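Letter by letter, the chains look like this.
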Amino acid sequence: MRDENQLHAAVVELVARKNAKIKYSTVQNWYPGDENGKGGIYNFVTKRGDCREDNARISWTQVETGSAITWKYPSCILRGDGSAGEFYSVALTHNYQQADTGTKMIHLGKNTTSKVISKGISAGKSSNSYRGLVRMARRAENARNYTQCDSLLIGKTCGAHTFPYIESANPTARIEHEATTSRIGEDQLFYCRSRGLGEEDAVALIVDGFCKEVFKELPMEFAVEAKALLEISLEGAVG
Amino acid sequence: MLKINNLHVAVGGTEIIKGLDLEVGSGELHAIMGPNGSGKSTLGYALVGRDGYAVTEGSVEFEGRDLLELEIEQRAAAGVFLALQYPVEIPGVNNAYFLRAALNAQRKARGEDEVDSIDFLKSVREQLKILKMDESLLKRAVNEGFSGGEKKRNEIVQLAVLEPKLAILDETDSGLDIDALKLVAEGVNRLRDSQRSFIVITHYQRLLDYLKPDRIHVLSDGRIVESGDASLAERLEREGYAFLDATEA
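The listed protein sequences derive, respectively, from chains Y and S.
Numbering-wise, the first sequence is residues 511 to 749 according to the working numbering.
Numbering-wise, the second sequence is residues 15 to 263 according to the working numbering.
Source of the hints: derived by calculation from the structure; they are not laboratory data.
Computed from a predicted model, the values in this text were never measured in an experiment.
Hints should not be assumed to be uniformly reliable.
Unchecked claim - Simulated crosslink set (BS3-like; lysine-lysine; CA at most 30 Å straight-line):
(1) Y:Lys-531 - Y:Lys-620
(2) Y:Lys-722 - S:Lys-122
(3) S:Lys-165 - Y:Lys-722
(4) Y:Lys-737 - S:Lys-136
Let the sequences and hints guide you as you build the complete structure.
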């Protein structure tokens, strides 16, 4: 049927001026191809945000469940003093999907801050990578970054990778990076099932909890949608 | 209610339970005591069907049904509950949400309607009050950041809300201070009725002082080696498990 690949190449550009705040949320379920990795959308996206003036804020939130291959790195260029960038991401891959996604936080102004929360869930034979840049320019006095990358593995044939690129040219800048990788716990699954939840419901519940920090950043309708999408995407991921 | 016949259970290829017989009637509370490594927790896990606890021989009949044929969640819906010795944390999953999802999954499996949200919250709040737990626990993630005592009491809250027919308590008293122990014992006593049975696994007589079990069994090396009334627990407290070797010799 649809055994060829299609391309989705979107470009999004955000500009936030003085004291302005932009929140950009995406939930994506492009056709991921069949269970043998045939077909599916190539989702190659350019997204960038410019905090052009003082105290501007840009917040990206994304939930990626679809497409055969995703390459996507929404950025924040923190030019204005005191400007702030945020990136919240959930990326779920199953079967033969590949996701390579993350953010670029480029700190140019003084007292700029950025926060990155990335949750990757891999199942089947998929590969899920976080790739992110945090750059502190020479004049970025007292710039701060906090990055947290958590990966959850379901099954034995998937992969999770984290590639943080960190560059600092200012001695007052502070950068924190935390990363965890865990397998979905047998003890958690057992606990849920022993209370009456079926195995798939238990996995969905645990994954939903794992993504909570990101989902709470989404508008309510999106959050409901995102949760349902994860459940659908995880069907057949266990057992 | 529960009939265990010549049960053998292996974990990782090693036989832990080696021919265990036990019968628990409706409304009865049985205590299982025994030295470390005698197979007490294994018995609990085998009864609820945890993966890795392979029943190699014997049968378990629960209300006339073959319990061993059922999946873990089917056993839960049938009314078997295990309060864990080490309750598991599920980050990001709201405690009240978890409990309601579990209750509704069980009700659905039994062909019953879902619970009304307001009735549900009312009943959970009531249980929290009985166990002197703060209501904020409902909004926190399942067992995450709970103290040891809070985790154990949370198991009793789940027990009270899920209303199983057979509740197995795996060392629910260990790690509890005397006040928390009393609360747990009161919580359990409140749930006792002619239709609900308990198997209480414990090391200490103290909990049994409050619970007044109908029968006490001593498990040693995968078998029940001694059964008796409450006086057996007193004897164990006095003499330890040393007398087991004496009787076997």
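Verification of the hints:
1. Y:Lys-531 - Y:Lys-620: Holds, because 18 Å separates the two Cα atoms, which is no more than 30 Å.
2. Y:Lys-722 - S:Lys-122: Judged against 30 Å, a Cα distance of about 26 Å means the pair holds.
3. S:Lys-165 - Y:Lys-722: holds, 22 Å
4. Y:Lys-737 - S:Lys-136: Measuring from Cα to Cα gives roughly 27 Å; hence the hint holds.
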